[in-house]
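8 protein chains.
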Amino acid sequence: MNPEQLKRLLAAVAAGERSPEEALGDLAELPYADLGFAKLDLHRELRNGLPETIYAEGKRPEDLRAIVGRMLQARGRVLVTRLRADAAGELKAAFPGAVYHERARVLTCGGPPEPQPGMIAVLAAGTSDLDVAEEAAVCASWFGHEVERSYDVGVAGLHRLLDNLPALRRADVVIAVAGMDGALPTVVASLVPAPVVAVPTSVGYGSSFGGLAALLTMLNACAPGIGVVNIDNGYGAAVLASRIARGGAK
Amino acid sequence: MNPEQLKRLLAAVAAGERSPEEALGDLAELPYADLGFAKLDLHRELRNGLPETIYAEGKRPEDLRAIVGRMLQARGRVLVTRLRADAAGELKAAFPGAVYHERARVLTCGGPPEPQPGMIAVLAAGTSDLDVAEEAAVCASWFGHEVERSYDVGVAGLHRLLDNLPALRRADVVIAVAGMDGALPTVVASLVPAPVVAVPTSVGYGSSFGGLAALLTMLNACAPGIGVVNIDNGYGAAVLASRIARGGAK
Amino acid sequence: MNPEQLKRLLAAVAAGERSPEEALGDLAELPYADLGFAKLDLHRELRNGLPETIYAEGKRPEDLRAIVGRMLQARGRVLVTRLRADAAGELKAAFPGAVYHERARVLTCGGPPEPQPGMIAVLAAGTSDLDVAEEAAVCASWFGHEVERSYDVGVAGLHRLLDNLPALRRADVVIAVAGMDGALPTVVASLVPAPVVAVPTSVGYGSSFGGLAALLTMLNACAPGIGVVNIDNGYGAAVLASRIARGGAK
Amino acid sequence: MNPEQLKRLLAAVAAGERSPEEALGDLAELPYADLGFAKLDLHRELRNGLPETIYAEGKRPEDLRAIVGRMLQARGRVLVTRLRADAAGELKAAFPGAVYHERARVLTCGGPPEPQPGMIAVLAAGTSDLDVAEEAAVCASWFGHEVERSYDVGVAGLHRLLDNLPALRRADVVIAVAGMDGALPTVVASLVPAPVVAVPTSVGYGSSFGGLAALLTMLNACAPGIGVVNIDNGYGAAVLASRIARGGAK
Amino acid sequence: MNPEQLKRLLAAVAAGERSPEEALGDLAELPYADLGFAKLDLHRELRNGLPETIYAEGKRPEDLRAIVGRMLQARGRVLVTRLRADAAGELKAAFPGAVYHERARVLTCGGPPEPQPGMIAVLAAGTSDLDVAEEAAVCASWFGHEVERSYDVGVAGLHRLLDNLPALRRADVVIAVAGMDGALPTVVASLVPAPVVAVPTSVGYGSSFGGLAALLTMLNACAPGIGVVNIDNGYGAAVLASRIARGGAK
Amino acid sequence: MNPEQLKRLLAAVAAGERSPEEALGDLAELPYADLGFAKLDLHRELRNGLPETIYAEGKRPEDLRAIVGRMLQARGRVLVTRLRADAAGELKAAFPGAVYHERARVLTCGGPPEPQPGMIAVLAAGTSDLDVAEEAAVCASWFGHEVERSYDVGVAGLHRLLDNLPALRRADVVIAVAGMDGALPTVVASLVPAPVVAVPTSVGYGSSFGGLAALLTMLNACAPGIGVVNIDNGYGAAVLASRIARGGAK
Amino acid sequence: MNPEQLKRLLAAVAAGERSPEEALGDLAELPYADLGFAKLDLHRELRNGLPETIYAEGKRPEDLRAIVGRMLQARGRVLVTRLRADAAGELKAAFPGAVYHERARVLTCGGPPEPQPGMIAVLAAGTSDLDVAEEAAVCASWFGHEVERSYDVGVAGLHRLLDNLPALRRADVVIAVAGMDGALPTVVASLVPAPVVAVPTSVGYGSSFGGLAALLTMLNACAPGIGVVNIDNGYGAAVLASRIARGGAK
Amino acid sequence: MNPEQLKRLLAAVAAGERSPEEALGDLAELPYADLGFAKLDLHRELRNGLPETIYAEGKRPEDLRAIVGRMLQARGRVLVTRLRADAAGELKAAFPGAVYHERARVLTCGGPPEPQPGMIAVLAAGTSDLDVAEEAAVCASWFGHEVERSYDVGVAGLHRLLDNLPALRRADVVIAVAGMDGALPTVVASLVPAPVVAVPTSVGYGSSFGGLAALLTMLNACAPGIGVVNIDNGYGAAVLASRIARGGAK
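Protein chains in written order, with the numbering used here: chain A, 1 to 250; chain B, 1 to 250; chain C, 1 to 250; chain D, 1 to 250; chain E, 1 to 250; chain F, 1 to 250; chain G, 1 to 250; chain H, 1 to 250.
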């Protein structure tokens with residue numbers, strides 16, 4: 001409820017069009033659906049531009065089904081992330097229109113998105129980083145943006161990255177996904193003017209410490225213009241890129 | 001040198017307007033000034049939209065003076081970050097037009113910037129986070145953006161933050177600076193549609209471990225739409241915000 | 001044995017009512033039952049207000065059965081935490097009155113508790129934090145306190161938390177359970193006057209480092225009034241809350 | 001502003017006693033004083049029972065003076081923590097009634113507190129932990145509680161601790177301060193029924209890693225009933241203890 | 001080969017009793033058996049008092065069988081640690097006299113040891129620490145020492161420990177095994193004059209970080225007289241205790 | 001494309017032998033094969049002396065098969081590391097000449113290598129370090145070098161190492177593989193003049209923290225002349241050793 | 001108070017030789033001297049064989065003087081560790097017989113010790129480790145043991161260590177002090193039969209992380225028979241060595 | 001003493017040319033000079049190709065002077081690293097021929113080196129990394145190698161690095177020095193065939209954690225062929241590079 005609405009409500013009370021009790025009720029009206037075990041945030045899109053997404057990890061099949069059903073009913077579209085293939089099977093049986101993007105471990109359901117402005121380039125340093133990159137790419141597409149993928153363009157073969165420069169320079173945002181040494185975003189940010197969303201992955205072994213090495217590399221990038229998200233967080237990268245591509249407050 | 005220029009150069013060679021040797025020289029022309037101890041990157045603005053900045057920490061006074069002089073000569077404007085007050089005094093003596101922003105530890109030199117699109121809101125959670133917030137704000141202003149500051153709006157007094165919501169919702173980018181628990185960006189990102197640049201600070205003690213606690217909080221924010229930069233990196237936040245506000249590839 | 005009892009014992013010795021050897025025996029009487037592999041602490045309730053609880057993790061089925069049996073015999077009631085569903089089945093077969101709280105992984109056995117003063121509010125930030133929150137809630141109930149649950153009230157949807165404020169402000173203690181960024185307790189502590197017991201959970205991935213991120217956030221909370229327990233330690237939170245609700249030394 | 005007040009305000013609007021514009025103003029009335037660089041939270045006492053405290057570390061002398069002045073004017077009493085001796089001198093000169101507690105690095109200003117219920121026992125394991133223990137004790141006294149100190153009672157000399165048991169068992173809350181191995185709270189919690197607030201200190205060297213060792217010990221205490229605060233956070237321990245001693249919502 | 005032997009060898013060469021080539025061979029004679037994939041150190045007992053032990057983790061069944069066979073042949077006795085139950089079955093089938101100590105995960109083979117001086121007390125803080133404590137106790141017994149076990153004597157029930165004090169004060173070495181807060185050794189070392197070998201275990205969860213918490217507690221013990229071994233290293237504790245009990249160089 | 005080639009190309013353009021468009025195409029010709037999900041770097045051997053290797057971990061069977069096929073077609077030989085036995089079976093079925101080195105988890109395919117200069121000694125401290133050592137040895141052999149293995153020569157039995165000194169002193173490079181305390185490379189580097197490539201392994205438990213302990217030991221070696229690679233990185237050690245043995249730029 | 005004394009006391013009460021009140025007083029008699037800010041543990045020698053030592057770091061000059069004075073009065077001898085040179089000067093002025101061991105930062109005061117059994121060898125890996133080694137050596141001497149120093153015998157020059165083997169093999173305990181890679185104790189323990197007390201030092205830089213590298217090396221030593229103390233804890237090593245040398249319970 | 005010498009010595013004993021006692025003395029002859037507080041390793045050059053170097057940090061002025069004097073006397077040349085400017089002044093006064101390399105903090109003394117084979121390229125990513133790069137370059141020069149420096153060639157301006165490629169491709173070894181993100185070595189190793197010695201520096205702030213970020217990046221480099229040394233260890237890099245350049249065992 002924004003100030004404008006509040007002013008209108010108060011005017012209605014002053015005009016006797018609405019009793020104080022009714023006004024109190026209006027103010028208390030919950031902008032979410034309460035399922036007992038979960039509170040769905042149905043107004044999130046109004047508040048920050050993107051609908052609430054369902055993070056499947058650790059949720060039980062029956063809970064997932066209930067949440068997806070309620071979201072579809074309220075908004076017609078739903079996005080589920082970190083969904084295992086077996087759980088996806090159950091949801092697809094329950095909601096026939098659902099599509100499961102296996103590599104991305106994402107399930108989408110509902111009609112096509114309204115097109116959104118801005119092209120988002122998604123880069124992956126190695127083939128082992130594809131899953132996370134796909135999570136980012138699938139989510140960004142589902143939000144309505146144009147997405148361009150360039151995979152296996154890590155700094156161990158600079159020419160592969162440089163070949164993709166023209167496309168990169170056209171992007172409004174670049175999502176750069178990399179594990180191991182995590183050096184890709186720093187090199188990309190030095191070559192293009194767009195903001196770079198850096199996604200460290202847990203790809204690696206030994207002293208990669210589950211992605212910590214790549215994370216620290218990105219946070220300490222000597223080229224500025226990089227915003228880092230959590231390790232393996234392709235979805236978070238897509239949300240940030242979408243906020244950027246849609247042009248902030250406009 | 002972009003593909004267009006390369007095509008033109010090759011055409012000139014084919015037309016005999018330029019000898020192969022001359023063409024080789026053109027291709028080799030260094031886009032930086034070599035001072036022996038440092039190579040100034042004079043073409044950076046062309047490449048990624050913002051001129052190279054001078055990071056003063058660990059640089060000697062005489063080196064700083066030489067670098068600033070060369071940059072001013074080449075580009076007319078210069079920005080120095082992480083500059084101690086005493087070193088600033090020397091530079092101001094050498095370059096009369098220079099201005100030192102004490103709280104931000106930033107020195108700016110040269111004419112006013114060309115105005116850039118987009119409003120950048122800079123938030124600081126506590127008064128101890130002001131230095132880093134000021135670094136971000138001063139840099140963003142110097143890049144040419146409108147900047148709006150809201151300080152001391154940490155989540156320990158939510159009403160202070162909520163009072164600033166209208167202004168926040170107008171911002172194209174929000175820079176949220178916080179030490180200790182670092183909870184500010186996650187709350188902000190859940191309330192506004194703009195991308196949030198999160199800056200952890202080293203403010204705190206004990207298990208804040210020099211800002212690590214705030215950094216991890218921000219990386220694990222349960223609200224998406226946040227890009228994190230290094231601890232105390234106000235400058236980096238300003239560059240990322242500027243890239244976002246200028247609208248990517250446009 | 002407290003000073004009063006000691007004084008009485010010494011008086012009895014002086015009066016010849018008890019021989020020195022008998023007195024030595026009295027002093028040596030063990031306040032625990034020795035099962036060979038474990039020593040049950042039967043006087044713990046006298047000493048610090050709550051009976052010893054059985055932590056099931058890593059204990060063998062036959063040992064668990066022996067311990068539960070001995071505790072029931074000595075005290076009539078028993079609480080088992082961190083109990084897997086299969087092990088719970090065995091115990092329920094052996095002790096027919098036992099109840100297994102699946103989500104909480106807690107087994108309770110024996111009659112209802114004596115009511116204890118104080119209302120304990122248990123909050124969970126996300127649906128993935130429910131298991132730990134339930135451990136806290138079930139234990140607190142079993143200790144005899146009134147418990148009020150508010151789940152899925154994380155700071156990514158502040159209005160969900162604010163809607164629960166009236167109930168929260170009635171609580172004598174608040175247990176706030178949160179993974180990922182762990183920001184819930186700091187916001188709660190700034191809104192209510194009751195002590196807040198903060199429970200970080202291992203919910204999250206990447207740089208949550210098994211709950212470390214949430215733990216550090218809570219320890220560095222910018223709002224004071226928070227006591228932190230170990231990651232995923234719902235039981236410990238319930239014990240601390242119970243000690244607080246019972247009113248200390250009173 | 002609580003629901004009761006809101007209902008009254010709406011009724012006044014309905015009755016024409018207050019115009020919508022005035023009501024909007026009432027709702028917007030800021031519950032803090034804005035000094036430009038800092039927003040003082042003057043309603044905090046109403047909200048969570050204790051007035052805002054001034055954390056001096058990193059604040060400039062002139063800012064400190066302005067904040068203290070404004071707080072005294074608004075509320076008549078003020079508490080400053082983490083204040084260095086030299087800065088304390090300046091404040092004492094400016095505010096004659098101020099008292100500086102050197103060991104605790106705390107400055108108090110204004111009349112005596114209203115007595116509060118509950119006795120708080122403050123324990124320190126070693127003489128090097130005294131500073132932090134004193135911070136806790138001075139703050140708890142200033143909040144109005146009875147405080148009883150027992151210093152140098154670490155587990156390396158158990159009899160020293162056991163001698164203090166009778167007093168400890170009378171306490172409504174125990175604050176246990178310890179560096180190095182941090183074993184004191186776990187032993188105390190196993191001996192008394194009161195909640196234990198554990199404060200790790202940075203006392204130690206080598207693998208104490210600035211208090212990390214003591215912090216981890218306390219979080220992993222095998223005796224439940226312990227709430228841990230940040231390393232060296234005597235003030236936070238006092239606030240938590242005060243909330244407990246005042247009896248929660250009562 | 002010690003100096004005495006060297007002197008004798010050289011004298012034999014001088015006396016022509018041994019040719020230079022033979023002497024070179026004597027000096028080169030390998031004090032180990034080479035199995036290709038492993039070199040058994042058959043002289044270790046001469047060098048540092050205890051025979052080489054076989055660490056089974058990560059070794060293949062067939063390699064284990066070959067090593068055990070070669071050791072038995074060379075020395076008549078063998079000790080295998082970290083042996084899983086299934087691998088133990090195979091070894092018992094191959095070497096009929098072998099005994100598998102399940103809790104300790106240790107297999108012993110060969111006749112009874114020569115009695116060694118000194119009594120070694122083995123303490124375990126909780127029942128979950130029994131496995132590691134048993135590894136220490138079984139190994140120390142196999143080395144020939146008298147061993148006395150006191151289990152479940154953690155500091156959460158001090159009286160259980162204090163009841164065992166008389167036995168403890170008779171010990172020549174105390175091995176104190178504890179997970180979680182790891183506070184047992186520091187309390188023990190303050191009560192008895194014998195050296196204390198502290199063994200942290202990985203028992204715990206959350207911020208125990210696999211035994212790190214207990215390890216740090218022990219290293220920072222405020223009571224001196226403690227030597228710490230690796231997490232879960234019951235065998236190493238037994239070797240150190242044995243060296244101590246045998247009286248050093250005597 | 002090196003400067004010489006560039007000069008020739010430009011001359012051809014000037015001579016009209018090649019049109020600007022053709023030249024642009026020549027410059028754009030990709031030195032890799034694009035499989036969609038992976039870009040094979042076919043020119044790597046020209047650039048830095050060794051062909052690209054396939055890291056199997058996390059790659060799908062069908063992707064592996066496609067990549068191996070394409071590499072064999074382009075270069076006739078291929079090396080696959082971190083390959084599980086079951087995946088190796090599939091590849092051997094598809095490519096009959098392939099050989100799987102089980103201990104090393106390496107698959108090699110194609111004719112024998114051209115002999116390369118230099119002898120590489122591979123040392124393993126314990127039998128549990130054999131897998132990593134074998135990875136290094138198999139790879140180095142496949143690159144064409146003479147390899148000499150000395151296993152189970154850790155510092156707990158110095159004589160085993162000293163016996164191998166003559167061979168060690170003949171080596172052009174030494175690869176020293178060790179887990180647990182990781183002390184082998186520092187001792188080796190103090191005894192031989194050749195560069196030492198140190199490989200920490202994840203062998204160990206407790207405070208070895210997955211190889212961190214060995215890694216830190218090697219980085220802090222008090223004997224210089226050591227280059228450290230990632231934990232368990234036998235392949236990387238072989239590449240570094242090969243670059244060294246081939247004599248740098250020669 | 002041991003059981004024997006308790007029995008005697010109870011007998012005296014039974015015989016009317018001591019009233020219950022007197023007995024209660026006897027039991028309550030404090031075995032320490034209370035200075036207000038510190039409780040001196042005067043019975044520690046009876047309890048665990050060595051008198052309490054004064055750890056000077058963080059203690060104020062006037063407190064130090066009071067504590068030393070009280071200890072001298074009670075026991076005639078005193079040991080102060082971690083004492084800075086300037087503070088030592090003050091104490092020497094106050095207590096004329098005091099001797100300051102500069103390198104060890106130890107002050108000793110009072111007559112020569114009673115000779116104790118056992119020879120303690122103190123090894124230092126490098127010359128930068130001397131301070132910590134001297135702390136151990138001076139303390140062990142003050143306890144009454146024969147001490148033999150071998151300095152600069154690190155594993156980077158094995159022959160230096162091997163030359164000292166005969167002396168080492170005579171030792172009853174070896175204290176091995178090392179920073180950087182911390183490899184000395186593991187090599188020593190493989191060569192001698194005596195227990196080895198390992199002392200990591202903070203000598204080093206970069207990834208030595210203040211001694212963490214050396215600490216981990218020692219905890220993961222592949223040669224058993226090592227007990228580790230805290231980083232830079234020469235005093236703790238001396239106490240442990242003294243307990244060992246005195247022969248445990250004998 | 002190598003086997004050949006041993007064989008000759010034994011032959012001399014057999015021939016009566018040398019008595020057993022003399023032979024024993026020969027074998028015992030110490031290959032180092034004992035200064036009491038330090039043992040100089042005078043045979044190190046024979047053993048591993050480079051003379052012992054003096055690490056000045058933590059050494060006292062008088063000790064440094066004695067060590068340098070003894071080394072000069074024994075070998076005519078000496079190298080001192082990590083030497084502060086003030087200590088350098090004293091040494092230069094005592095040893096007139098000494099030269100202090102301020103940036104490198106290295107002092108060299110004695111005649112020019114014998115030329116050694118191989119060219120060593122030293123790269124520094126940023127101007128703040130110059131000190132460490134200079135330590136490497138000065139040491140490598142002093143060992144007798146040709147050294148070529150390329151400074152300020154970090155990946156934030158790739159063209160600066162690519163411009164230096166021809167020189168880099170001529171190098172026998174490349175030393176790549178970088179702080180912050182530490183991405184330089186991984187890019188270099190993908191471009192040149194020579195082995196790359198990677199030196200992380202402590203340049204950076206916040207989450208660089210004293211060079212840890214750069215260290216991890218280098219250990220996880222996705223391009224193989226890199227050997228990593230300790231943070232800021234320019235000297236160690238020079239030794240490793242020298243061993244490589246001299247061609248191993250040749």
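Read the hints as simulated data drawn from the structure, not as lab findings.
Don't take each hint at face value.
What the hints assert, rightly or not - Restraint-style ranges between C-beta atoms, simulated for each label pair:
#1 B:PRO61 with D:GLU146: 56 to 62 Å
#2 E:PRO112 with F:VAL99: 36 to 42 Å
#3 D:PRO115 with C:ALA167: 28 to 34 Å
#4 A:GLU146 with D:ARG8: 50 to 56 Å
#5 B:ARG77 with C:PRO166: 55 to 61 Å
#6 A:GLU146 with F:GLU62: 27 to 33 Å
#7 C:PHE95 with B:LEU165: 54 to 60 Å
#8 F:GLU62 with C:ARG103: 39 to 45 Å
#9 H:GLU146 with F:ARG170: 26 to 32 Å
#10 F:LEU165 with H:SER19: 52 to 58 Å
#11 H:SER19 with F:VAL99: 34 to 40 Å
Just so you know, even glycine gets a beta-carbon here, dropped at the ideal spot from N, CA and C.
Comparing the hints with the structure gives:
1. B:PRO61 with D:GLU146: 56 to 62 Å: Holds - the Cβ-Cβ distance for B:PRO61 and D:GLU146, about 59 Å, lies within 56 to 62 Å.
2. E:PRO112 with F:VAL99: 36 to 42 Å: The hint (36 to 42 Å, Cβ to Cβ) is violated, given that E:PRO112 and F:VAL99 are roughly 50 Å apart.
3. D:PRO115 with C:ALA167: 28 to 34 Å: holds (30 Å)
4. A:GLU146 with D:ARG8: 50 to 56 Å: holds (54 Å)
5. B:ARG77 with C:PRO166: 55 to 61 Å: holds (56 Å)
6. A:GLU146 with F:GLU62: 27 to 33 Å: Check passed, 29 Å falls within 27 to 33 Å.
7. C:PHE95 with B:LEU165: 54 to 60 Å: holds (56 Å)
8. F:GLU62 with C:ARG103: 39 to 45 Å: Check passed, 40 Å falls within 39 to 45 Å.
9. H:GLU146 with F:ARG170: 26 to 32 Å: Between H:GLU146 and F:ARG170, where Cβ atoms are some 27 Å apart, the hint holds.
10. F:LEU165 with H:SER19: 52 to 58 Å: At 28 Å between Cβs, range violated.
11. H:SER19 with F:VAL99: 34 to 40 Å: violated (59 Å)
Violated hints, in rising order: 2, 10, 11; the structure is consistent with all others.
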